[in-house]
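Asks: Assemble chain B onto chain A, guided by the hints.
Protein chains in written order, with the numbering used here: chain A, 1 to 340; chain B, 1 to 340.
Some hints could be false.
Treat identical chains as interchangeable: a pair holds within one or across any two.
Mimicking DSS-like on lysine-lysine, the simulated pairs with C-alpha atoms at most 25 angstroms apart in a straight line are [unchecked claim]:
(1) Lys173 <-> Lys211
(2) Lys260 <-> Lys205
(3) Lys211 <-> Lys260
(4) Lys260 <-> Lys304
(5) Lys313 <-> Lys211
(6) Lys150 <-> Lys173
Note that these hints are calculated values from the structure, not bench results.
So you can see what is in the structure, the chains are spelled out below.
2 protein chains.
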Amino acid sequence: MTSVLSDVVNHQVRLAARPKGMPGPEIWEHTTEPVAEPADGTFVVRISHISLDPAMRGWMNDARSYIPPVELGAVMRAGGVGEVVASAHDRFPVGSFVSGVFGVQEYAVSDGRGVLSIDPDAAPLASYLGTLGMTGFTAYFGLFDIGALKEGETVVVSGAAGAVGNAVGQLAKIKGCRVVGIAGGPEKCAWIVDELGFDAAIDYKSENVGKALRAQAPDGIDVYFDNVGGEILDAALARLARGARVVLCGAISQYNAEGKMVGPANYMSLLVNRARMEGFLVFDFADRYAEATAELVGWMQEGKLSSREHVVKGSVADFPETLLLLFRGENTGKLVLDIT
Amino acid sequence: MTSVLSDVVNHQVRLAARPKGMPGPEIWEHTTEPVAEPADGTFVVRISHISLDPAMRGWMNDARSYIPPVELGAVMRAGGVGEVVASAHDRFPVGSFVSGVFGVQEYAVSDGRGVLSIDPDAAPLASYLGTLGMTGFTAYFGLFDIGALKEGETVVVSGAAGAVGNAVGQLAKIKGCRVVGIAGGPEKCAWIVDELGFDAAIDYKSENVGKALRAQAPDGIDVYFDNVGGEILDAALARLARGARVVLCGAISQYNAEGKMVGPANYMSLLVNRARMEGFLVFDFADRYAEATAELVGWMQEGKLSSREHVVKGSVADFPETLLLLFRGENTGKLVLDIT
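Chain A with its partners taken away, still in its complex shape (with noise of 0.2 angstroms):
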């Protein structure tokens, strides 16, 4: 066959350094490649939209985690969506839509692996990155299985207009929750309130948490699923019902500073109300994503719950600088980079 990759430039974002607190522009590195025909076994995604997440600040760390580090020099590590067009791989021919582990790339070869195909006429492709994918299933699975989460309950999730904190709050709200949102600044709080029917918004910004989770959640919180560490992890602890389940999803408040992270003072509240406070990972439910997508799928459609992306159009040269939207709390839904 002749080749419609011949004359194709694979524009690509790598990691030049690691990162001292906010990663700043002198970290990255902006390479092209020529993009090569596929081996046998592999494929070529055209990467349409790119996922940006805050654990991509733990990915940039020279440190032991549940993922090896991205390393120097390598294309950044991220989750993305896009078509195949260029197939050696019997179940990826071209044409087809696909989600996976692709980079900071225009064009990404793959065996596979990871890879799920996506149905683009079932929703937007940016969906699969949000509610339809790893942060529907992050909210799914952290809700349901570590959080045990029972009808009727009071929920308080942060991060709440952030790309798994609006799904947890919707989530709980089908459940039949009470559900309280933690998020900085009136227009977030509003969206989760007024459009996702969350029960009541908390603006850190300009609230004192803890004396507003004592007026929002009177009898205590039986799940907080905290997506942000620091003094809101804190205030919540201190306002847990007995045998409350603490669900850590992130900490984004804590990634970028610099010297030890801070310690949630309140622990000892997990004794005085029997509660514990546990961590997951979505990959650890992989064989639970089709269950997953089937749910998730199902209750968009009956229209009670909806995805919310916050698109930036752009080019792969945009991602450091939209990055920083994430840790700068800019971002309202699931933050997206659209390079088509």
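Replies: Leaving out everything else, chain B in the frame of chain A:
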């Protein structure tokens, strides 16, 4: 009946002020009272042994917790064992032996709520405050229920020469686990290894706990039973195995801290390792004390479990000074004041 109590004076220790930091002699008041004949449905206990527990420090604070604080002017709350010397209660006749929360005094009147009958011939009275009492129950339910211990796992316990800690280690050995105890000083470390059969001991006063844990638990910690909090909790969090359980039983390193508690900076290890940290109170397992007693007595009779009490002989007036042994880490085993 003629009273055995007519000339009896009950010496008591009352909480006169709330401590800041270490509870010094100035916070206690020593009082005497006559002992009244028991009203219908009550009985009088002559206390022989008084339990001294780290939790007492929390009871002295004027703060919301799992039970109300000791009120100023009240007899200090304490567990104890003794003999019934006057009774108008069906279940607790004169001459029977009992354990219960009788306070720091020589005589207590009780209506029987929360009181257990004990057998002075089956074990020394003091052991009903130790391994056959709340101390042993705490180890039992904390390790087996909250810790969900499985055979062959690696268990680390802090405060390992303390009342609960030494029982935890022995129970884990009975279940075929590798057991590492963290304790202060060479005598305690030698005791838990040589006498109790722990696989290893770490002396936190002379060793770097993090390094020592890396050496003694090279594949990570499956269950960490925490009695101390602070830096040792942090060091253990940094060494968790995947799926680990952290059992929060106490935080003695923090109880006398003035100012804010120090939280565990490494708590995000719970996320990376898909681990959980959970608190509990032994009182919640009251309906299973009989089950625990039967098992614990069985293991003691088989010679697999020993109860070690650190008995101080004296009078109730010696309570304030004896209590400080706990917070200075000077007890080995269960600290008991023998006032016979």
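Asks: Against this structure, judge whether each hint is valid.
Replies: Here's how the hints hold up against the structure:
no.	hint	result
1	Lys173 <-> Lys211	within (23 angstroms within a copy, 46 angstroms between copies)
2	Lys260 <-> Lys205	both (23 angstroms within a copy, 23 angstroms between copies)
3	Lys211 <-> Lys260	between (27 angstroms within a copy, 18 angstroms between copies)
4	Lys260 <-> Lys304	neither (41 angstroms within a copy, 43 angstroms between copies)
5	Lys313 <-> Lys211	neither (40 angstroms within a copy, 49 angstroms between copies)
6	Lys150 <-> Lys173	within (11 angstroms within a copy, 37 angstroms between copies)
The structure does not agree with the numbered hints 4 and 5 stated previously, though it agrees with the rest.
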